[in-house]
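Enquirer: Going down the list, the protein sequences come from chains A and B. Per my numbering, numbering of the first sequence is gapless, rising by one per residue and ending at 2063. Per my numbering, numbering of the second sequence is gapless, rising by one per residue and ending at 69.
Derived from the structure by calculation, the hints contain no laboratory data. Please note that a few of the clues may not be correct.
Quick partial rundown of chain B residues pointing at chain A, CB under 10 Å, derived from the structure [unchecked claim]:
1. GLN19
2. SER20
3. THR40
4. PHE52
5. GLU55
6. ARG56
7. TYR61
Even glycine gets a Cβ: it sits at the ideal position worked out from N, Cα and C.
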Amino acid sequence: MSIIRRHLPWAVVAVLGAASLAVIALARGESISALWVVIAAVCVYLIGYRYYSLFLATKVLGLDPTRQTPAWKYNDGLDYVPTHKYVLYGHHFAAIAGAGPLVGPVLAAQMGYLPGLLWILAGVVFAGAVQDFIVLFISTRRDGRSLGDLVKQEMGMVPGVIALFGAFMIMIIILAVLSLIVVKALADSPWGTFTVAATIPVALFMGVYLRYIRPGRIGEVSLIGFVLLMAAITGGQLVHESPTWAPLFTYDGKALTWMLIGYGFVAASIPVWLLLAPRDYLSTFLKIGTIVALAIGIVIVAPPLQMPAFTQFAAGNGPVWSGNLFPFLFITIACGAVSGFHALISSGTTPKMLDNEVNARFIGYGGMLAESFVAVMALVAASCIEPGVYFAMNSPAALVGSTPETVAATLSTWGFVVTPEMLIQTAKDVGENTILARAGGAPTLAVGMAHILHQVVGGKAMMAFWYHFAILFEALFILTAVDAGTRAGRFMLQDLLGTFVPALKKTDSLPANLIATGLCVATWGYFLYQGVVDPLGGINTLWPLFGIGNQMLAAVALMLGTVVLFKMKKDRYAWTTIVPAAWLLACTMTAGWLKLFSADPKVGFLAHAQKYADALATGTVLAPAKSLEAMERVIFNDRLDAALCGLFIFVVLSVLVYSVKSVFAARASRKATVQETPYERLPADTRLSGHHA
Amino acid sequence: MLEEQVASLGRAGRYMAQSLRLMVGVPDYGSYVEHMRRTHPDQAPMDYEAFFRERQEARYGARMGRCC
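Given the sequences, and given the hints that come with them, work out the whole structure.
Expert: Right, dumping it as structure tokens:
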């Protein structure tokens, strides 16, 4: 009886989720409401959390509520603080959620909403949330150590260093691709450029206010900053409409690239309290607020999905990114399904604040479910705008042309109903000069969000405001990520170079800092510039590299989890990490291989380089290159990207070899060989903020 | 009954505020003072301003950034 009572509500949830998925699956040729997608997703999350994460917590990992956590052991009131699980959940979610879950699903929508949706849901339950959870668990049982240290400890020195180096290269690509998104959104957009530029003086003011006028009053200064930001959006409209001011804020991609590189260098060199910290406050709070607003908006408006469940590009050859569904869908949507970068967060600040081991389930597994929901919302936002508009925004000019007339004509031959007037009107609605060739996700998402939110607040007149609000919200946290990332990259580089030139290691020496910062900015700046001048939009090149790198890091984290499970003598449950790790290895290895060796120049870097090299040998100039020197640059960049791709493959293969060795060693041993910090009992008087569900 | 509800609402509000502050890297100041009083009664805790600056430096001086 009690079994029935315990499981009956969950059975109802399961039936509801299955029914929603059935509606989605059976609706062919007619648009369905986005609510079905939301309900299906939430039901999947609830069932996954209630059953699978409980299985992981009790059977696989054996979370122990009596075991002391690092937060209690090292409690210093600063880094190590036992924190209530709801409070820590917010912290963890804010740290893992960024641009990734917003951009990937938008790009994946070119195949229709269904492939992306299914991957997000299956990926998060069996791979992404598992990874975040198990890494958090492993780190918590080892004094809150970082991923690199954990790999070193459990597998050996060499794979540890290799994994860290891989993480550094992935970060460079992330910085380049995030900056590219900002450039794509702001190119030829005086409104957007003004608004984003205005955030710099706003942040500087907040920094001074917080340091000298009213020290430490975060809430107060964030409110002031928010009001100023809204004023900046309104001011942007005036700039957009003014014939004297608009040209001052109208730049092409190349000019914006140089500005961004200069900005990155300066921002990473000045004190953190002046610019980075205050903008981080704004972007964090705006991010949380916007995500909540979007969720409410989708539920209230329940927009119909205009994008078909599958487009003809599900078979490959799409204009936004090239390649087939397998493996490229699974690297295009990384964050939201599974993201290796989360392993760095789950082994960063969060394990130092976990008040009880059992809460790793709620924070690790549950936190990732929330991020996945953000990805589902992004997919909904991209799918509720006209498919014709979606493809006009995301297809490179080299494929579809550069005027509304040619774009509409090309898209019509693909079977999408779109007129030049529609494209011009959409641009006008959102207060832009053009919406063509804005690949990168942010502008598409902004149009989708404006489409949803203007129906809740403000009506048609507010659509341009909401569009620029969405652009601002994304640009703000991307810029924060850019200078925080540049700083982190600088430290890594100083460590790395310090082994050869000891003087560079001093983080308090100004010349050493400037050199390292300059090198770091130059590296991501190079990839950014390459992406901006790429006629196929740059995203086509950089996003797969990012996706491959990020998913490989996830594979590394899951392989670490597998090694630890074998060392714990939990062999019979090791499939929980082996299956997702194997899947990610299959996807990333295939994708990496195709990126290197595919004969299709649109997919393979080397084939593309060869095409240009052949032309160069006969002295012909291939568009878009305009000179033989430009041809040489294209060839060089292709080979550089190929080398990077090869490097990622090398990193993940070597970690695979070391994990297999560690697994065999663990199996050969009669007793558990896991290297946890010894068990200490949690003091009885410490309160528990949550129990097993 | 009503008092209980008000109290739980107040508690939820406090958790929310704590969580928002922790999102930008500032843990609960009260817990820090309490910790210092209990375990290091001989040392004077930092005042809120010093505590805030210390946390700010620690967050952005860290070697690992945040997610994409």
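Enquirer: Please write out, lowest number first, the hints stated earlier that are contradicted by the structure.
Expert: none
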